[in-house]
Amino acid sequence: MWVYEKKLQYPVRVSTCNPTLAKYLIEQYGGADGELAAALRYLNQRYTIPDKVVGLLTDIGTEEFAHLEMIATMVYKLTKDATPDQMKAAGLSGHFADHDKALFYHNAAGVPWTATYIQAKGDPIADLYEDIAAEEKARATYQWLIDLSDDPDLNDGLRYLREREVIHSQRFREAVEMLKEERDRKKVF
Amino acid sequence: MNKHTWYKTYRPYISPMDPCPPIRVKRYSTPPQLYVGFQPPGLEQFPALAALKAGTLWKCFYDPYYSMKEIKKGERE
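Protein chains in written order, with my numbering: chain A, 1 to 189; chain B, 1 to 77.
Keep in mind that a hint or two might mislead.
Estimated spans, in silico, between C-beta atoms of each pair [stated by the list, open to error]:
id, chain 1, residue 1, chain 2, residue 2, range
1, B, P21, A, A109, 24 to 32 angstroms
2, A, K88, B, V25, 36 to 44 angstroms
3, A, V3, B, K8, 38 to 46 angstroms
4, B, Q39, A, D123, 47 to 55 angstroms
5, A, Y105, B, K8, 29 to 37 angstroms
6, A, A126, B, K53, 40 to 48 angstroms
If you are wondering where the hints come from, they were derived from the structure by calculation, not from laboratory data.
A quick note: this is a predicted structure, and the numbers were derived from the prediction, not measured.
Ideal Cβ placement from N, Cα and C applies to all residues, glycine included.
With the hints as constraints, model all of the structure from the sequences given.
Here is the structure:
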């Protein structure tokens, strides 16, 4: 069960009217390494992982939904007042034809989200290594989004989201160490 | 975390036949979580409000990314 707080995890501010940025940001919404993929991956893997790391997957999976909401807010703010011509100029005419201003789970190239982006192998180490890789890829995506964006307020939010990926990666790495159970032993292999 | 840098650079091969003006130095990110291992107790913390803004409570994990454009404009904190 979840408790919803009607506020964003971090304030989303957008300073320039630039629908093109929305086209790039949607990568983190419905892309392979996006927040939706992350949330669904962790919240599904957690059933078949050792008890001591279930809570970590629950917490991080939940936080990914908070990030999804931030990305959605950014995309919405960047497109809500755009005319069809501005959508066209931003390269969003294909999106507009199908969805008007509605958000949809696809990547920056318009490819719809698919469950094949995520895996649940049932092997705790294999799953956690996938999770670490997913966090590093999401971190890299935020870097490229910051590179593409000229909006200082938006970049502030993107930097926050990238920092969270750093922390999530750290915690998944610690989860691997816990499962290895050799952490406190002074042993030379 | 002392004088460590979270970014590394390399110089790719530049061909005399390249069609575009070369980017001589390429940069990549090597963030803190690659080095820390299992987090030891007692690390330095941000004050609560600064932590909410930074995205982490722990100073050693704070590594904000700025584009080259931002760095040139001096927007880096």
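* **In rising order, the numbers of the hints this structure does not comply with** => Those not satisfied are hints 4, 6.
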